[in-house]
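Novice: Take the sequences, apply the hints, and build the full model.
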Amino acid sequence: MSEVRPALDAPSAPPDRGAVISLRDVWFTYPRGEGPALRGVSLDVGAGERLGILGPNGGGKSTFLKLALGLLRPQQGVIEVLGLSPAEAARRRLIGYVPQRVEAELSFPITARHAASMAANLGLGAWESAKRNRARVDRMLDLVGAMSFAQTPVGELSGGQLQRVMIARALAGEPRILLLDEPTVGIDPSGQRQFSELLQRLHQELKLTTVVVSHDLRTVAATSDRVACLAQTLHYHDSPTGLTPAVLAEVFRHDAAAIFGDLHVDAHRASECAHDHGAGHDTRAPAPGRQADGSRTSAGGTS
Amino acid sequence: MNTWNYLTDPALRSLFWPPLVAGLSIALFGGALSIFVVLKRMAFIGQGISHAAFGGIGVAYVLGLGGAASPAGYAGQLGIVFVFCLLAAMQVGFLTSDRATRAGRGGTQSDTAIGIVLVASMALGSLLLHQAERLGRAPTVSWESLLFGSIVSVTWNDAWASLLVACVVLGAIIAVRRPLMFWAFDEHAAAGFGVPVQRLRLMLLILLALATVTAMRLAGVVLATAMLVLPAAAAVQFARDARGAAVLTMVFAVVGVLAGVVLSFEFDVPTGASIVLTLATIFGVGWTRARLSRG
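These protein sequences, in sequence, are chains A and B. Heads up: the first sequence runs through residues 1 to 303, numbered per the working numbering. Heads up: the second sequence runs through residues 304 to 598, numbered per the working numbering.
Just so you know, these hints were derived from the structure itself, not from any lab. All C-beta atoms, glycine included, are put in the ideal place defined by N, C-alpha and C. One should not assume that every hint holds.
[Stated by the list, open to error] Chain B is faced by these chain A residues, among others (derived, beta-carbon under 10 Å):
no.: 1; residue: Tyr-97
no.: 2; residue: Val-98
no.: 3; residue: Ser-107
no.: 4; residue: Pro-109
no.: 5; residue: Ile-110
no.: 6; residue: Gly-160
no.: 7; residue: Leu-179
no.: 8; residue: Val-185
[Claimed, not checked] Derived CB-CB ranges, DEER-like:
no.: 9; chain 1: A; residue 1: Tyr-30; chain 2: B; residue 2: Thr-415; range: 21 to 27 Å
no.: 10; chain 1: A; residue 1: Gln-76; chain 2: B; residue 2: Arg-546; range: 44 to 50 Å
no.: 11; chain 1: B; residue 1: Gln-501; chain 2: A; residue 2: Gln-204; range: 46 to 52 Å
no.: 12; chain 1: A; residue 1: Gln-76; chain 2: B; residue 2: Ala-426; range: 45 to 51 Å
no.: 13; chain 1: B; residue 1: Arg-594; chain 2: A; residue 2: Ser-129; range: 35 to 41 Å
no.: 14; chain 1: A; residue 1: Ser-190; chain 2: B; residue 2: Ala-478; range: 40 to 46 Å
no.: 15; chain 1: B; residue 1: His-433; chain 2: A; residue 2: Ala-130; range: 51 to 57 Å
no.: 16; chain 1: A; residue 1: Gly-125; chain 2: B; residue 2: His-433; range: 51 to 57 Å
no.: 17; chain 1: A; residue 1: Tyr-30; chain 2: B; residue 2: Val-422; range: 44 to 50 Å
no.: 18; chain 1: B; residue 1: Gly-418; chain 2: A; residue 2: Ser-158; range: 34 to 40 Å
[As the list claims (entries may be wrong)] Non-contacting residues of chain B with respect to chain A, defined by C-beta distances greater than 12 Å in every case (computed):
no.: 19; residue: Ala-314
no.: 20; residue: Leu-323
no.: 21; residue: Gly-367
no.: 22; residue: Gly-379
no.: 23; residue: Gly-382
no.: 24; residue: Gln-394
no.: 25; residue: Gly-418
no.: 26; residue: Leu-466
no.: 27; residue: His-491
no.: 28; residue: Gln-540
no.: 29; residue: Leu-566
Specialist: Structure below.
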C-alpha cells in the first residue's frame with residue numbers, strides 16, 4: 001500500500017463524462033514557483049461521491065481547489081466540471097464553495113442571514129427583490145443549524161457558527177458540488193465532530209458531491225468515502241481505511257509512524273464510524289475508479 | 304443668521320445654492336462609496352488617490368488650465384486631475400490586490416507603496432504649483448483652499464458636475480450592488496462563486512477617483528477622502544444590519560454636509576473641516592455608545 005502508484009489513466013485520455021469533476025494530466029506551476037505545484041494529476045470525482053483531498057502544506061491542495069473553481073488555469077491538461085470549464089461552472093453557481101476563512105471586515109453589521117444569501121442572490125436581476133430567495137436561504141440555515149442566530153451580525157459569531165453560515169451560503173445557491181477548504185482549521189475537537197456529523201446529514205439530505213480539502217487526517221477520514229493524497233502528484237487514492245502510516249509517511253515526507261501513529265488509529269475509527277452512520281455510499285453508483293465492492297481499479301498520478 | 308440671509312436674500316442666493324447642491328451630491332456618492340470603502344478596508348487607498356489629485360492640480364496649473372472658467376477649461380482641469388487620480392488608483396489597487404500578493408508584492412509593501420504615491424504626488428503638486436507661479440499662472444485660489452476646500456470656490460459648474468457624478472456612482476452601485484457587496488464582504492469566496500472580482504475592483508477604483516476629483520473642490524484634497532470613509536464608519540457604530548448601515552450612512556453623510564455648509568456660513572470656517580468634524584463627532588458618539596453598551 002505504501003508504494004506511489006503510477007497513473008493508470010492515460011494522461012491523454014478524454015475526461016470521464018460520468019464524473020462531475022475530471023482532471024486529466026493537469027500541470028500547474030506558479031510564476032515564481034520553484035517547481036510545479038501540480039504534476040500530471042489525473043482524478044475523477046463521481047456524482048454523489050464524498051472525496052477527501054489530503055496532503056501536506058505546499059502539496060498542491062489549494063492549487064487543486066483554485067483550478068477546480070476556475071481561479072487558475074492549468075498550463076497543461078484538462079479540467080472539466082460537469083462537462084464545463086471550471087470558470088463557467090462557477091459562473092453558473094454549480095459549485096458551492098466554503099472557504100477556509102472569511103476575509104471580511106467583520107465589524108461591519110452583516111447578519112448571518114444576509115451573508116448566507118449572498119451566493120443565491122447573485123442570480124437575481126438588479127431590480128428583483130431578494131425576498132424571492134428568502135425561503136431557500138432560511139431552509140439552508142435551518143439545515144445547517146444556523147437558524148437560531150440568523151439575525152446575529154457575523155462579527156459576533158464563533159468560528160463554528162460562522163462556518164455553518166458559510167456552508168448555508170454555499171448550499172443556498174443550489175450547487176451540484178460542495179467544495180470545502182480546510183473546514184476544521186481553528187475548530188475544537190467537539191466542533192470538528194459536529195462538523196463531520198453535519199456533513200453526513202447534508203449528504204444524506206441533498207445527495208451532493210462533496211470534496212473536502214484538508215491537511216487533517218481525521219477530518220478527511222470522517223467526512224470522505226474516498227481519499228486522494230496530494231503532494232504535487234496524486235499518491236494514494238482509495239478508502240480512508242487504507243491510509244497506513246507508511247502511506248502517510250510517503251505523502252507527508254515524515255516518519256508518519258511517529259507523527260501519525262495515534263492519529264492513524266483515530267482516523268481509522270473516524271472513518272469506520274462515519275460509514276457505520278450510513279453515509280449512503282452503498283446506495284449510490286460506485287465512484288469512478290472503484291468497483292461496486294469497493295475495490296480499486298485505477299489511481300491517478302504520474303510519479 | 305447668515306444662513307437664513309443667504310437663503311432669502313436674492314443677491315446672496317447664488318452664493319449659497321451651488322455649494323449646497325454640490326455638497327448634497329457629494330454626500331450621496333461619498334456615502335454610497337464609503338460603505339464599500341469601510342467594508343473592504345480601502346480607506347488608505349482613498350488617501351493615496353486623493354493626494355494624487357494634488358499632483359494633477361499642479362499639472363493643470365502649469366498647462367494654464369488651473370483657473371479656467373470656461374466649461375472646456377473646467378472639463379480639461381477636471382480631466383487632468385481625474386487621470387492622475389485614476390493612475391494612482393490603478394497603482395495602489397494593483398498593489399493591494401490578491402494578484403500582487405501572489406506575485407510577492409503585497410502585505411506591508413503595498414502600504415509602503417501607497418505611502419510613496421501619496422507623498423510623491425503631494426511633492427509633485429507643490430513643485431508644479433511653484434512652477435506655475437513662475438510662469439504667471441499662479442493659482443487663483445489659496446493653497447489652503449486646495450488642501451482643505453473652500454465654499455466660495457464652488458461654482459454652478461462644480462454643482463452640476465457633482466450632481467452628474469452622483470447619478471453615475473449611484474447608478475453603477477445599484478446595478479451591481481449584489482456582486483459588489485459579496486466581493487467587498489468576502490473577495491476570495493466571491494471569486495469562487497464566479498463573481499468578476501478584478502472587474503469590480505477596477506470599477507470601484509474608477510468610481511473612487513471620480514468621487515475624489517469631484518469632492519475635492521468643496522472638501523479639499525486632504526479632506527475629500529474623509530467623505531469616502533466617515534459616513535459608513537459612523538453608521539457601523541449604530542446599525543445592526545447592512546440595510547440599517549446603508550440608510551444611516553446616507554443620513555449621516557447628508558447631515559454632515561448640511562451641518563458643515565451651515566457652520567461654514569455661520570462662523571466663516573472652512574467647509575471641508577466643518578463637514579469632517581461633524582461626521583467625526585457622530586462617529587465618536589456612536590463609538591462611545593457602542594463601547595458603553597457592551598459594558
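Novice: Against this structure, judge whether each hint is valid.
Specialist: Now for the hints, and whether the structure bears them out:
With 10 Å as the threshold, the beta carbon of Tyr-97(A) comes within range of chain B, its nearest partner Cβ sitting at about 4 Å, so the hint holds. Residue-level restraint check for Val-98(A) holds (minimum Cβ-Cβ distance to chain B is 8 Å; threshold 10 Å). Satisfaction of the interface hint for Ser-107(A) is found here, the shortest Cβ-Cβ separation to chain B being roughly 6 Å, below the 10 Å cut-off. Look at Pro-109(A): its Cβ gets to within about 5 Å of chain B, closer than 10 Å, so that hint holds up.
Taking 10 Å as the C-beta contact cut-off toward chain B, the hint placing Ile-110(A) at the interface holds, the least distance being around 5 Å. Using the Cβ-Cβ criterion of 10 Å, the hint placing Gly-160(A) at the interface with chain B is not satisfied: the shortest such distance is roughly 18 Å. Among the interface hints, the one on Leu-179(A) holds; its C-beta lies about 8 Å from the nearest C-beta in chain B, closer than the 10 Å criterion. Checking Val-185(A) against chain B by beta carbon gives a least distance of about 14 Å; that is not within 10 Å, so the hint is violated.
Between Tyr-30(A) and Thr-415(B) the beta carbons are some 24 Å apart, a value that agrees with the proposed interval 21 to 27 Å. The supplied range of 44 to 50 Å is met by Gln-76(A) and Arg-546(B), whose beta-carbon atoms lie about 48 Å from each other. Checked against the hint of 46 to 52 Å, the C-beta distance between Gln-501(B) and Gln-204(A) comes to roughly 39 Å, which is inconsistent with it. In this structure, Gln-76(A) and Ala-426(B) meet the distance hint of 45 to 51 Å, their C-beta atoms being roughly 48 Å apart.
The given range of 35 to 41 Å is respected by Arg-594(B) and Ser-129(A), whose C-beta atoms sit roughly 36 Å from each other. Restraint check, Ser-190(A) to Ala-478(B): a C-beta distance of roughly 45 Å satisfies the suggested window 40 to 46 Å. At about 54 Å, the beta-carbon gap between His-433(B) and Ala-130(A) stays in the expected band of 51 to 57 Å. Taking the beta carbon of each, Gly-125(A) and His-433(B) are about 53 Å apart, inside 51 to 57 Å as hinted.
In this structure the hint that Tyr-30(A) and Val-422(B) lie 44 to 50 Å apart at CB is violated, the actual value being about 33 Å. Distance hint check: the CB atoms of Gly-418(B) and Ser-158(A) are about 36 Å apart, consistent with the given range 34 to 40 Å. Here Ala-314(B) stays apart from chain A, with its beta-carbon at least about 45 Å from theirs, past the 12 Å limit. Every CB of chain A is more than 12 Å from the CB of Leu-323(B) (nearest about 30 Å), matching its label as outside the interface.
Non-interface call for Gly-367(B) relative to chain A: holds, since the shortest CB-CB distance, roughly 43 Å, exceeds 12 Å. No beta-carbon of chain A comes within 12 Å of the beta-carbon of Gly-379(B); the shortest separation is about 34 Å. Taking the minimum C-beta to C-beta distance to chain A, about 30 Å, the non-interface status of Gly-382(B) holds against the 12 Å cut. A cut-off of 12 Å between C-beta atoms confirms that Gln-394(B) is not in contact with chain A; the least separation is 20 Å.
For Gly-418(B), the requirement that its beta carbon stay farther than 12 Å from each beta carbon of chain A is met, with the minimum near 21 Å. The claim that Leu-466(B) lies off the interface holds: its Cβ sits roughly 22 Å from the closest Cβ of chain A, which is beyond the 12 Å cut-off. The Cβ of His-491(B) does not lie farther than 12 Å from every Cβ of chain A; its closest approach is about 5 Å, which violates its non-interface assignment. Residue-level check failed: Gln-540(B) sits 9 Å from the nearest beta carbon of chain A, not beyond 12 Å.
The claim that Leu-566(B) is not at the interface with chain A holds, since no C-beta of that chain comes within 12 Å of its own (minimum 29 Å).
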